[in-house]
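Generate coordinates for the entire structure from the input sequences, incorporating the hints supplied.
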Amino acid sequence: MIRFENVTFFHAGAKRPVLREVELSVGEGELCLVTGRTGAGKSTLLGAVNGLVPRFTGGHLHGRVTVDGRDTAAFAPQEFAGLVGVVGQDPLAGFVTDTVEEELAYGMEQLALPPAVMRKRVEETLDLLGVAELRRRPLRTLSGGQQQRVAIGSVLTAHPKVLVLDEPTSALDPTAAEDVLAAIIRLVHDLGTTVLVAEHRVERVLQYADRLLHLDGEGRVHDGEPAAMIADSDIAPPVVRLARLAGWTPPPLSVRDARRRAASLRERLDGRTPPPPSTMDGEPKLAAKAVTVAYGKTVAVREVDLVLPAGQVTALMGRNGSGKSSLLWALQGSGKRHSGAVDVAGTDPAKVSAARARALVGLVPQTASDLLYLDTVDAECRQGDAESGVVQGTCRALLDDLAPGVPGDRHPRDLSEGQRLALVLAVQLGAAPGVVLLDEPTRGLDYQAKERFTAVVRRLAAEGRAVVVATHDVEFVAGAADRVVVMAEGEIVADGPTAEVVVASPAFAPQVAKILAPSPWLTVEQVAEALNP
Amino acid sequence: MTVASWTRSLPRALHPGAWWLWAFGLATAASRTTNPVLLLMILVACGYVVARRRSDAPWALAFRMYLYLGAVIITMRVVFRIVFGGGQGDTILFTLPEIPLPEWAQGIRLFGAVAAEQLLSGFYDGLRLAAMVICVGAANALANPKRMLKSLPGALYEIGTAVVVALTVAPQLVESVLRVRRARRLRAGGQKGLKALRGILIPVLEDALNRSLALASAMASRGYGRTGEIPARTRLLTGSLVITGLLGVCAGLYGVMDASTPRYMGVPMLLAGLALSIAGFLIGGRRVSRSRYRPDRWRAAEITVAACGVASAALMYLTASVDPADLYPSLSPLAWPEVGWLPALAVAVAVLPAWLAPPPESVS
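Top line first, the protein sequences correspond to chains A and B. Going by UniProt numbering, the first residue of the first sequence is number 1, and it counts up by one from there. Going by UniProt numbering, the first residue of the second sequence is number 1, and it counts up by one from there.
Hints are supplied without guarantee of correctness; some may be wrong.
Unchecked claim - Here are the simulated DSSO-like pairs of lysine-lysine, each with C-alpha atoms no more than 30 Å apart in a straight line:
#, chain 1, residue 1, chain 2, residue 2
1, A, 289, A, 336
2, B, 146, A, 351
3, A, 336, A, 297
4, B, 195, A, 297
5, A, 351, A, 289
6, A, 120, A, 161
7, B, 146, A, 336
8, A, 336, A, 351
9, A, 120, B, 146
10, A, 297, A, 351
Just so you know, the hints here were simulated from the structure itself, not pulled from any lab data.
Structure, rendered in structure tokens:
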């Protein structure tokens, strides 16, 4: 169905190719998982399928890419509309119309399908993706998972033979991600659609993949059976790393398979317990009382009480739109607060100047790049020092500590996701706040970057700060957080040590916990330590 | 079909064009008179139809804004007459101290005696303009403006899409500015003026650029701008025919609305423009590279609603040639405005869609 023949791709002006002599052939009805570290060329590979690379991105593509025998060099991406459906990471950015039904029909209108056919396919697709009750809703009012399903539906109505998905679940909470994946699996099974999906969180997709395409960062693509490929890969999800530890070959790819083989491991672990969570009784750094945030008639946060002790990492979880971001902004003092009080070292950050508030509570927002506006990393660091009122070089030193080797003359936009996060964090830490709030920092980080970031978060806490991380990433939470706070509809519905909160929850349990339940093991590292002390 | 079955018609959204024709008819009728009683009757008719037939969609709630705008227009007119327009009329109501102006500005008088005639003429004028604006507001409230763009003929499709995209981009831009401004506070930038502007502008523009690139590639990969096999010359021909035609229609409409323009600028211009654009649409429509999902169709109800508007305007024209006295009530001597049976009939016809149009569907 998809063929890459000796494809090499250079970005405009670049000396090193992003893709190097790629030979690839994907058959009909296959589900291929594309993996690789950030910047390894996953998006480039996916974009080349319908010719958006190089026609929209610029650069030089050598070799031939054909889909169903049609050459991307000969036809514009528009002419592939009926053949290849493309869904991006941010569904809202790709919507053309206002309502669900119109969005589903848009692609078919462009292909000039007869009205009767359109009507039928819209109804079928609404049912296929389980969004029938949303048909007249404005797209902007849908939740993230619903939007992503509508985005998939809107390309499906054209009945493409190939579906290309670039990180379809990375912005979604675990349950919404499951919904989207279930929809994709259904397409592969029922319609025989060929699916190419790139995903950082390999653990979500691996068990469904027929094939794994791994980009090694040098521009080469290695492909093969998922089980064989993943066994010694550097992007292995927890289930595979646990299998390595327990010596299961070939490694199981799903929690279910692993659980069936885990009886002996559970026996070996019997009588051992994971290390107890760090104490919850550090001196309180921040105390919030009855914090309420309301936008017009919608109440985003309802009378939340929260105490953050020093030296503790708290994970703030909950589905998209449950009020996590609103709470963080309200705690920092820059966001709206309808009522309630926040006390940081005897001061309410909302009642003092922005500079004072920042020295009390540092916040890294969801779109961290909103804070950056200068041309080079060095300029940002200098500006950061001036804003924090500290000696020049403080910010740079912090940055070198968090992410060594970030070139100072680089434009912040050209940094990797992890480096940019480190830069913003360094700028915010310059003011030496006692409380650090991080809103969805792990989005777009690969396993290695996430591991490094976990270490950073642990160190921030070890230095006596109170740290809060709002995230959907259960594996990150398992490795980094002491305590989990779950929000729903603006209220706190669960609050306790990580193991207690996540092990019992089907949505928030990490893979290791699911495999070894009911024992409260959370990470592979814990298990490894218990087995080989 | 009987009237009884009309009133029991199933809820559905009317073709937006029908509502716009009705509103334009009503606006034309309003433009033909300064009789305050008649204008108020038109406003009541307009408001009643909107109240009965608008849906609960967000754009329908904008009608109130148009009412406020109308009130502002009337107030402005009256205030201007008090400030500048002194000197006409004998029925002096009160006298404000006049501000003397230098020799070279002798034609203008500031304040001074305020006459009833002067206030009333400001009020009548303002009311007429307000009524026309509110008629347009009614169309906006009754028909989804974006849906109207969607029912543009095929030859204008690209322009329609561009407008729709622009309409969605504007609120996104505002959102981005708010987000970045909030984020700036986190760094406590403390710069003023240009530097602070830079801190907001650069992330916002970057965001907007990224978003438009994402949208453009998403639209392209879904087939937008597929040319199919139409030669470039045909596209040029249809484009120029349609644009010239529409310009003609605009000039013609102006001619019809404004009584002081020459005759040939009115109906003949309108017809010529219509003919040109229809020719363009027909040629453009022959390319079948696109189709439309659930298009709004013209059915009996649409024709009735549009006809009500057109009839209302026509009746007003008839009045103007038969008995124009009532349309422009005399100010000197001051006289109580009277309404003849013909203009009253015109308003009565205009209010009919309140019953004859099918009720709207609930959106939720």
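A quick look at each hint next to the structure:
no.	hint	result
1	A:289 with A:336	15 Å, holds
2	B:146 with A:351	44 Å, violated
3	A:336 with A:297	14 Å, holds
4	B:195 with A:297	36 Å, violated
5	A:351 with A:289	15 Å, holds
6	A:120 with A:161	19 Å, holds
7	B:146 with A:336	33 Å, violated
8	A:336 with A:351	12 Å, holds
9	A:120 with B:146	24 Å, holds
10	A:297 with A:351	24 Å, holds
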